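A.B. asks: Can you build the whole structure from these sequences, using the hints too?
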Amino acid sequence: LNEQMAITAIKKWQEAFRSKPGKNIILIWDCIEMDGYETQARDQWQNALKAMKDQFDIVWLITNSGLIKIGASIMSGFISFKLNIVSSMSEITL
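If you count by the working numbering, then the sequence shown holds residues 1 to 94, one letter each, in order.
Bear in mind the hints are in silico, worked out from the structure with no lab data behind them. These numbers come from a predicted model, not from an experiment. Hints should not be assumed to be uniformly reliable.
Restraint-style ranges between C-beta atoms, simulated for each label pair [stated by the list, open to error]:
1. Gly66 to Gly22: 10 to 20 Å
2. Gly66 to Pro21: 28 to 38 Å
3. Ser19 to Gly66: 33 to 43 Å
4. Met5 to Lys69: 15 to 25 Å
25 Å max Cα-Cα, derived BS3-like pairs, lysine-lysine [claimed, not checked]:
5. Lys11 to Lys53
6. Lys82 to Lys11
7. Lys53 to Lys20
8. Lys69 to Lys11
9. Lys23 to Lys11
10. Lys12 to Lys53
11. Lys53 to Lys69
12. Lys20 to Lys82
13. Lys23 to Lys50
The beta-carbon is built from N, C-alpha and C at its ideal position, and this holds for glycine as well.
C.D. replies: In structure tokens form, the structure reads like this:
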């Protein structure tokens with residue numbers, strides 16, 4: 001994931017969040033094909049997640065990458081949002 005990809009995705013998330021003011025959102029973030037990320041992309045996501053965290057109910061992260069799991073866990077600890085990491089969509093329980 002590079003910085004420009006992160007910026008593009010963040011804009012889409014921000015639009016979706018603005019369309020649902022005051023509602024808690026369940027995020028399902030499919031990163032199964034992502035095997036790494038640039039530092040700048042991570043910084044963009046950290047800032048965006050921090051700004052949007054009050055609207056999160058929970059974030060479900062789909063990945064098999066150890067690097068992605070560690071990075072997401074660290075972010076959720078610093079930003080304080082509930083994160084569940086799974087390996088496939090079938091593991092998600094809503």
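A.B. asks: If a hint holds in the structure, say so; if it doesn't, say that too.
C.D. replies: Now the hints, each set against the structure:
1. Gly66 to Gly22: 10 to 20 Å: violated (37 Å)
2. Gly66 to Pro21: 28 to 38 Å: holds (36 Å)
3. Ser19 to Gly66: 33 to 43 Å: holds (34 Å)
4. Met5 to Lys69: 15 to 25 Å: For Lys69 against Met5, whose Cβ atoms are near 19 Å apart, the range 15 to 25 Å holds.
5. Lys11 to Lys53: holds (15 Å)
6. Lys82 to Lys11: Since the Cα atoms of Lys82 and Lys11 sit roughly 22 Å apart, the hinted pair holds (cutoff 25 Å).
7. Lys53 to Lys20: Status holds; Cα separation ~14 Å.
8. Lys69 to Lys11: holds (23 Å)
9. Lys23 to Lys11: Satisfied, since the Cα-Cα distance of roughly 18 Å is no more than 25 Å.
10. Lys12 to Lys53: Holds, because 15 Å separates the two Cα atoms, which is no more than 25 Å.
11. Lys53 to Lys69: Holds, at roughly 18 Å.
12. Lys20 to Lys82: Holds - the C-alpha atoms of Lys82 and Lys20 are around 19 Å apart, at most 25 Å.
13. Lys23 to Lys50: holds (16 Å)
Comparing the model with each earlier hint shows a violation of hint 1 alone; every other hint is respected.
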